[in-house]
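Since chain A is already given, all that's left is putting chain B on it; use the hints.
Residues per chain, in single letters:
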Amino acid sequence: MTETEPPYEGWVPAPDVPLTEVVDRAFDYRGNVTLDLCDGNALTGYLFNRDARAREPFVQMFDAAGEGPITIGYADIRTIRFTGKDTAAGNSYAAWLERKAVAKAEGLPTPQR
Amino acid sequence: MAVPLSQMWTVATYVLGRRLRGTKRYPLVLMLEPLFRCNLACAGCGKIQYPAQILKKHLTVERCLEAVEECGAPMVSIPGGEPLMYPDISRLVKELVARKKYVYLCTNAILLKEKLEAGWFTPSKYLSFSVHMDGPREAHDEAVCRDGIYDVAADAIREAVKRGFRVTTNSTLFDGTDPLRMRGFFDDMMDLGVEGMMVSPGYSYTKAPDQEHFLRRQRSFELFRTMLERPKKRWKFNQSPLFLRFLMGKQNFECTPWGNPTYNLFGWQRPCYLLQEGYAATFKELMDDTAWDGYGRKSGNEKCRDCMVHCGHEPSAVDYTFGSWRGFRETVVATMTGKL
Chain A
386 MTETEPPYEG
396 WVPAPDVPLT
406 EVVDRAFDYR
416 GNVTLDLCDG
426 NALTGYLFNR
436 DARAREPFVQ
446 MFDAAGEGPI
456 TIGYADIRTI
466 RFTGKDTAAG
476 NSYAAWLERK
486 AVAKAEGLPT
496 PQR
Chain B
7 MAVPLSQMWT
17 VATYVLGRRL
27 RGTKRYPLVL
37 MLEPLFRCNL
47 ACAGCGKIQY
57 PAQILKKHLT
67 VERCLEAVEE
77 CGAPMVSIPG
87 GEPLMYPDIS
97 RLVKELVARK
107 KYVYLCTNAI
117 LLKEKLEAGW
127 FTPSKYLSFS
137 VHMDGPREAH
147 DEAVCRDGIY
157 DVAADAIREA
167 VKRGFRVTTN
177 STLFDGTDPL
187 RMRGFFDDMM
197 DLGVEGMMVS
207 PGYSYTKAPD
217 QEHFLRRQRS
227 FELFRTMLER
237 PKKRWKFNQS
247 PLFLRFLMGK
257 QNFECTPWGN
267 PTYNLFGWQR
277 PCYLLQEGYA
287 ATFKELMDDT
297 AWDGYGRKSG
307 NEKCRDCMVH
317 CGHEPSAVDY
327 TFGSWRGFRE
337 TVVATMTGKL
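Keeping their order, the protein sequence lines are chains A and B. Our numbering numbers the first residue of the first sequence as 386 and each following residue consecutively. Our numbering numbers the first residue of the second sequence as 7 and each following residue consecutively.
This is chain A alone, in the form it adopts within the complex:
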């Protein structure tokens, strides 16, 4: 996600957002997501790969226990909810420089990570 994009944590896509777009967002997202499947099941985990150009487009993920990779066809996905914490949020170099500048201005020690 770029600095200018809205946060996706907690995002539940509206029904009119195309699935390919939702998958792309999930692929860029650095947190767990929940796939609601067409058969009524749900699968939560980290979506690390997708191929929309394959003969049968698919996504790949590791589930919340780290098991995988699990491959699921686009055709089997109803929607994707962004249920996990975004591990990239607020962790950019620019955000770090900003926090450091604030600490300096307030006479506080440099924040450590």
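Calculated directly from the structure, the hints in this document are not laboratory data. It should be emphasised that the depicted structure is a prediction, and the values quoted were computed from it without experimental measurement. Certain hints may be false.
Unchecked claim - Derived DSSO-like pairs: lysine-lysine, alpha-carbon spacing no greater than 30 angstroms straight-line:
#1 K106(B) <-> K63(B)
#2 K121(B) <-> K62(B)
#3 K470(A) <-> K309(B)
#4 K121(B) <-> K242(B)
#5 K63(B) <-> K470(A)
#6 K100(B) <-> K131(B)
#7 K168(B) <-> K239(B)
#8 K304(B) <-> K131(B)
#9 K168(B) <-> K106(B)
#10 K345(B) <-> K242(B)
#11 K470(A) <-> K239(B)
#12 K106(B) <-> K119(B)
#13 K485(A) <-> K131(B)
#14 K485(A) <-> K309(B)
#15 K168(B) <-> K242(B)
#16 K304(B) <-> K239(B)
#17 K53(B) <-> K489(A)
#18 K290(B) <-> K304(B)
#19 K131(B) <-> K119(B)
#20 K62(B) <-> K470(A)
#21 K256(B) <-> K290(B)
Stated by the list, open to error - Covered stretches of chain A, as calculated for chain B (at least 3 residues, CB under 8 angstroms):
#22 419-427
#23 463-473
Even for Gly, the Cβ is constructed at its ideal location relative to N, Cα and C.
Just chain B now, kept in the frame of chain A:
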């Protein structure tokens, strides 16, 4: 230059062999990431921004070795994550050395002294610790977001050198780096006894107008020119002199995104070490099915416009060296005279 002759010979014969066979695309260095876990949390580091279940995972040694065989590159760089947190790093390195692969173990060195004292590694011409050092004490500690790490790393370098290991440093430099202080840093690293240093500009991507891209490149050239102009004889760089000339704006290279392919928990990363646009299941699939023409500065891809990073451009410099008499002559002259 600080690359041992046996390593130069291995790389030269490998590249010439590929060229004689007419192989258009070949890998030079495999970037093998056995884990993403790290004991630092450097600001902006995308490698560690994953949910807990991913950070807990790592590749098996067997899977790593299969990837090494599949790829066939003569050099293997092990970044991460922090490879010294990989429980099987000792066995992995032994297996790679036994296969005569030149291994660069890229580490922040926090655990290095402890692992050396525990006898995890044996000195070998095939093994080099590539210690992350992003500049002088203050700059490095700021880059890794923790005070005191420069001193820990410097101490570990001394210990590794004392024990007879090959040690290099790798420095990623961002906008705002003080080039004159970096010259002092090069002196400090040579004083520590390292075999050679590696430098590269960091990767940044922001959507910007053409003029801003142009200015960014000009700033990078200026930084590296000021830093590397009239290099001291004692400075040794563990990289192609032509790549350094490229950083100084004296030579132009296009990106070779397949030059340093990356393998990790997710598979073979497309298209390169820096961009993450998907994963291939096999090395062959990566090489055959990636739309390579869509990457590199010439392609017009916005994400590649400012990139001058070593993983794409050093392989270009090496290919130029062994692909033409002119490139070979330029490399020999720069190596022999030390002039960039």
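inquiry  = Which constraints among the numbered hints does this structure fail? Numbers only, ascending.
reply    = 8, 11, 13, 16, 21 and 22
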